[in-house]
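Peer 1: The primary structure of each chain is shown beneath.
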Amino acid sequence: MNKIIRFIPLVLVIALGVVLYRGLSLNPQDMPSALVGKAMPEFSLTTLNDANKTVTKSDLAGDIVLLNVWATWCPSCKYEHPYLLELANDPQLNTQVKLYGINYKDERLAAQHWLTNYKNPYQFSIFDEEGTLGLDLGVFGAPETFVIDHHGIIRKRFAGPIDIRVWRKEFEPLIKQLTDEKQQGI
Amino acid sequence: MLNKVLFIIMMSIASLFASNSVYASPVETFEFQDEVTKVRFHALSKELRCPKCQNQNLADSNSPIAADLRRELYELLQQGKADSEVVDFMVARYGEFVLYRPRVSNVTYILWFGPALLILIGITVVIVILRKKPATKENLALDNHQQKKLKQLLQPNPKSENSNVTKEEKE
Numbered sequence: 001m002n003k004i005i006r007f008i009p010l011v012l013v014i015a016l017g018v019v020l021y022r023g024l025s026l027n028p029q030d031m032p033s034a035l036v037g038k039a040m041p042e043f044s045l046t047t048l049n050d051a052n053k054t055v056t057k058s059d060l061a062g063d064i065v066l067l068n069v070w071a072t073w074c075p076s077c078k079y080e081h082p083y084l085l086e087l088a089n090d091p092q093l094n095t096q097v098k099l100y101g102i103n104y105k106d107e108r109l110a111a112q113h114w115l116t117n118y119k120n121p122y123q124f125s126i127f128d129e130e131g132t133l134g135l136d137l138g139v140f141g142a143p144e145t146f147v148i149d150h151h152g153i154i155r156k157r158f159a160g161p162i163d164i165r166v167w168r169k170e171f172e173p174l175i176k177q178l179t180d181e182k183q184q185g186i
Numbered sequence: 001m002l003n004k005v006l007f008i009i010m011m012s013i014a015s016l017f018a019s020n021s022v023y024a025s026p027v028e029t030f031e032f033q034d035e036v037t038k039v040r041f042h043a044l045s046k047e048l049r050c051p052k053c054q055n056q057n058l059a060d061s062n063s064p065i066a067a068d069l070r071r072e073l074y075e076l077l078q079q080g081k082a083d084s085e086v087v088d089f090m091v092a093r094y095g096e097f098v099l100y101r102p103r104v105s106n107v108t109y110i111l112w113f114g115p116a117l118l119i120l121i122g123i124t125v126v127i128v129i130l131r132k133k134p135a136t137k138e139n140l141a142l143d144n145h146q147q148k149k150l151k152q153l154l155q156p157n158p159k160s161e162n163s164n165v166t167k168e169e170k171e
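Protein sequence lines correspond, in order, to chains A and B.
If you're matching positions, the first sequence starts at 1 in the working numbering and goes up one per residue.
If you're matching positions, the second sequence starts at 1 in the working numbering and goes up one per residue.
The reader is advised that the hints may include incorrect statements.
Now the in silico label distances, taken between C-beta atoms and shown as ranges [as the list claims (entries may be wrong)]: (1) Leu16/A - Thr108/B: 19 to 25 angstroms; (2) Leu20/A - Ile123/B: 23 to 29 angstroms; (3) Lys3/A - Tyr100/B: 42 to 48 angstroms; (4) Gly122/B - Lys78/A: 53 to 59 angstroms; (5) Glu85/B - Gln183/A: 19 to 25 angstroms; (6) Val39/B - Leu20/A: 27 to 33 angstroms; (7) Asp63/A - Pro115/B: 45 to 51 angstroms.
The hints are simulated quantities; they were obtained by calculation from the structure and are not laboratory data.
Quantities reported herein were computed from a predicted structural model and do not represent experimental measurements.
All residues carry an ideal CB built from backbone N, CA and C; glycine is no exception.
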């Protein structure tokens, strides 16, 4: 009995070491979104290309949606832009998901120029000048990407730029799952 | 002398009442209709965490998102929302993460009660250790039975024991 007690501190130290070591590899920026599992919030904003055209939540309904938060002031958005174009031009993916943008706290003209210069991967971009939709989505930076299922429920939120590695790891399995769900009528 | 002290006291009381309800944060200036709202804004912006710059609260941070949230906080307070409603609003969007004082829930029990539990364990260990009788002269001394045995062991043979006895008797 006494011998076992003697080893308790060693065991505790090892346990603590394991916990702390694990902590080293955790990303503190990686926060679970409060909105995963909740419905897409209501909004009524204009599109980026047409200040007179108002879009609402219902314009996104029915499809599996990738909602990408972007802005011209955001360097990482430039980094991920070519990959978004690639996704938008993937014929197979196009039948499964629709890519929309939220132009977050930006200037309309600058953003329009961006899309003409770098090409437009989005069906349309919602112009969120004040960041109101961003606030309702819990956005705290750009780029961020949300996956919304065909029932309008937010299924995933990813903060940071998307590239092929991120796409394969974070998005592809979920998109496959959602496509299956949609086909089965769940 | 007394006059001076009185003057200072009067002045400080007056300045308390006179402080206009303006609160300047790192970037913007808000005007409040009353002192209570100002204090509440102050308190809430200290308790809410900036989602982007994780070790700063809303009051401290210069980041755009913190400025947005301060403005939102101000507007919610102007609308007459209660503190709990404001906190719910923020948690619904940014998660429990924004609270510097997390709520008591299944997930946070260990956070809230862990330290108290550790102190209790510590106190128990200390009490248990203290209750063990320390080694004093009294409880280290041999009892009668042990004494006898010791004597037996120290004596090489029974004969000498006899002689010892006789010696003692002689003395």
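Peer 1: Go through the numbered hints given earlier and state which of them the structure violates, listing their numbers in rising order.
Peer 2: Violated hints (numbers, rising): 5 and 6; every other hint is consistent with the structure.
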